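Chains as they are written, first to last, in my numbering: chain A, 1 to 308; chain B, 1001 to 1328; chain C, 2001 to 2452.
Keep in mind the hints are simulated off the structure, nothing from the lab. Treat the hints with caution; some may be incorrect.
The calculated SDA-like cross-link candidates involving lysine to any residue, where the alpha carbons are at most 20 Å apart (straight line), are [said to hold, decoys possible]:
1) C:K2436 x B:Y1180
2) B:K1169 x C:V2199
3) C:K2440 x B:Y1180
4) B:K1119 x C:T2315
5) C:K2438 x B:L1198
6) A:K280 x C:K2440
7) C:K2436 x B:S1084
8) A:K302 x C:V2199
Here the structure is a predicted model, which is why all the values come from computation and not from measurement.
Chain by chain, the residues:
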Amino acid sequence: MEYFLQQLINGLTLGSIYGLIAIGYTMVYGIIGMINFAHGDIFMVGSFIALATFLALVAIGITALPLILFITLLVSMLFTSAWGWTVERLAYRPLRGSFRLAPLITAIGMSIVLQNFVQITQGARVKPLPPQIQGGITLVEGVTDNGTIAVQLSYMQIIIIATTLALMIGFSLLISKTSLGRSQRACEQDQKMAALLGVNVDRTISLTFVMGAALAAVAGFMFLLLYGVIDFYIGFLAGVKAFTAAVLGGIGSLPGAMLGGLLIGLIEVFWSGYFSVEYKDVAAFSILVIVLIFMPSGLLGKPEVEKV
Amino acid sequence: METAMKTNRARNWDRNVVLSVEHLTMRFGGLVAVNDLSFNVGRGDITALIGPNGAGKTTVFNCVTGFYKPTEGRIAMRHGAGVSQDQIEALTRTGRQYDDDGDHRVFLLERMPDFEISKRAKVARTFQNIRLFGGMTALENLLVAQHNPLMIASSMTVGGILNLPGYRKARGEAIDFAAYWLEKTGLIDRADDPAADLPYGAQRRLEIARAMCIRPHLLCLDEPAAGLNPRESTELNELLQYIRKDHDTSILLIEHDMGVVMEISDHVIVLDYGQKIADDTADEVKNDPKVISAYLGVDEDEVAAIEESIDMPVHHAKHSQRDEGGQP
Amino acid sequence: MASTTSQPNIIADSIKDALIAAFLAAVLGFFFFALRTDIGPGGLDLTYRWGLWFTAAAIVFAVRLLLNLFIFKAANPITRGIKLSAPEGVTSVVGRGLGPVLLALAACLPFLLMWLFPNRDRQYIDLAILIMTYVMLGWGLNVVVGLAGLLDLGYVAFYAVGAYSFALLAQHLNIGFWTALPLAGVLAACWGIILGYPVLRLRGDYLAIVTLAFGEIIRVVLLNWYDFTGGPDGISGIPKPSFFGLEFNRSGGFAEFFGIDYDSIHRFVYLYYIIFALALITNFVTLRLRKLPIGRAWEALREDEIACRSLGINTTNTKLTAFSIGAMFAGFAGSFFATRQGFISPESFTFLESAIILAIVVLGGLGSQVGVVIASVVMIGGIEVLRNLNWLKDIFGPDFEPTQYRMLIFGLAMVMIMVWKPRGIISSRNPSAVYKEKKKISSDMVAQGEGH
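Only chain A is shown next, with the shape it has when bound in the complex (with noise of 0.2 Å):
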């Protein structure tokens, strides 16, 4: 039972990470119709940034460890968020209104160029950052046969939990309330009657690509202090795992992609916490395909009606 609690935890955890990636593919996907293959890479981006940030403050002498945070935080948004800006301006506007494969093909293509870019400009060995945020709460104690075990909701979690619940919330504001809001959905509806009722299109899905790269920027950093590790490559699984995540909540919902990306990490660390880790991918993914099979359009999403 301690154990369960454990996974659930950790689980909701990691869930949260991905979710806040799988936003980014989501409110992509709503908006153009499109798999932004490289949001993965954004987010290996945003952790890096987060690293040299985080470096850079400790270097010039500031020692209080919340504002550090606070401050890489917001960096790293920043900076990944102009990176979502230019990889839409570079790769994906030119193609707008071309047909579908084409933005496919770029961002591919953009995917592999960041990961090379980073590669080359900061080297390919791993890069280790030793726990900032240790400690925390002891939440029930168990004795079993071997000792005590002791469910563990350390500090990190709780930060990672709370602010992904915090920008969860914000963000339904977000859209829901503002007039940004209501021109992306405008453009989800109908891109050519939105720009003919005064809607800004391409600033539009320009801000939507940057709003889903501070995200990514967010969950990289997560990331980040969450595993202590990273490196080049983080982007493409990470990125597959909150794409599969956006898909199984039902692609273009905003919750869907929340409670994806925390099934996701849940199926990931009970798959691994009970039978294997080797295969904890392949279950995330069986558990994709099993969805879809029954479930064409994914748990949240609106299912397709048929017009014939």
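Chains B and C: place on chain A using the hints.
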């Protein structure tokens, strides 16, 4: 009174049925699109399904052609005259989809997947918003429609790869058959042009030609005259008459152009809010106060009152139908 | 616009625009050029490279300025003189003649290479074999993506199935290449059916992610099922193909039988002709299928699935045949890959492979056979050319490692070609049946498959 009239005259659609729809109900969530609808389509007839927007006409089409699974009801397609009601009842009880033996073949369409309805029951259809294979030529479009016989002729592709004489012959015949229909629809000069390149009226005709290439017993046309100019409309009438006469194909059509409907239909069924409000010959339906009220959007009594007040006999009432948005 | 703008304005605009670009590059590059993290003695060290950062921004400024002055904002862009794209008529003539020319060239390529580059022939023939493998894979995937319009992001899975089938059959049952080849194809096709059946009713991008998932599942299983597949160590000692029972050995083999001097090049030439023949078969079968009812049904499916169903076409079966025939070709190519390498491991079957094959198909122009050849030569040949950039060391000094820029340039090329020609290099469609006169169909009319 109505029933009395029907029994007296014993219409073709009651004597020689090709398609019978019985107690058809289609619900989408809470919305009842079609409610307990029953009608017959007579063999060799041109039957029109009319009604105001949202009356459920296209839903009926989609149920007949298998694109929707009806919530309730039975849709029976009969090949050849003389299928008895008993045979249909017996088939229904067995749980099978169709009875394909002998001369009296029956197909229970509500049980069959869409492609089987076209392949076995020989029900062809066109679409309200034209669905051609735009990047393929007119000829290719008609060859796709002959897919199933050509597949058999190519011995499921193996004979085709080896280019066996049997397949070559079948292929030549398929092209000739396609050319025949291109000729009939006046598209033979554009046989090698992509379908998306054709003007609107030609696309409508090509879709009909394509449907005819499955050699259907019943042809379902969803607003074939929509967007056509008067000349094209007249040509369409002639084409449909020709199909009915020379090809032993019954026609069921949805149409808003009352000119077309009244001119060519032998039998008109009027739907409103998913229910049948009239089912008779074109002349009878034209003068039915229920139909007029449905089109005008007012109560039946009001129609009568208005007609009385302006002293106009019912059957001379000029149709000022609330025409539907389908007409550009 | 440009013609009415006066000269000073163009220059001012160009400079302003280039400054913005340089500023953006500086912002983006700050954490990558100016700062670098490295593992040092006490954890991570931060090094500063202001010079590099500044140079990068300056290069962006200069390049952007030149582009602005001479192409983007210029009244007479210099590209107008260069003629990046030939007029329609020329391309169609070239397109018609290109196939036979390429075929003839490919047929005598090994001898041509031996004659032209006597010292490096082995290397070039090996490269030709690699390119030909991708041509075959591209043609195979073209059936699925180009004709049937099904987006398959896990095509490499079937390539892996083919390679491992042959490797395992050879290892356990001592089966030779020529016996294993058809078996590998059949096994891959079976996997295509098994994986395809439950998921082919999914639409567009859902299908894409599921195929991607399958690709990853198969790779992870190959990686972790140590007892069966050797895990990350892979399988080695895969037998080479024999020539009607003759091995390519120093003694008692091919050379002795034909009374010629032994040369290890014989095997390379032989391998080249095997993959050439396999690719030709793929091409022949695909071209034939296109003109048969099944191929026409695939294309119709790409155009409009609902209309297909209204015409009595069983769309599930039709998709399944496309999927499994594509898989079968990948299986053939896979077993060839295994015999060529003599060693396989899961590393050769990553998502990047699928992405490269898909890129070849899309860049070549969906459904175009010649396009696939051109794209393979450009992309795969290009990667290999980039491998041999050691002369750059003379310019930038010995620390400069040119090969690491290989994939970066590859990725950039993918983006740029796609932006330049979104429909691919060859983008018109040949009708599958002709009544009177054969007309090419412009790609603007051809649909791209599910969902759109």
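Status of the hints after comparison with the structure:
no.	hint	verdict
1	C:K2436 x B:Y1180	holds (14 Å)
2	B:K1169 x C:V2199	violated (37 Å)
3	C:K2440 x B:Y1180	violated (24 Å)
4	B:K1119 x C:T2315	holds (12 Å)
5	C:K2438 x B:L1198	holds (17 Å)
6	A:K280 x C:K2440	violated (50 Å)
7	C:K2436 x B:S1084	violated (48 Å)
8	A:K302 x C:V2199	holds (19 Å)
Checked against the numbered hints above, the structure violates hints 2, 3, 6, 7; every other hint is satisfied.
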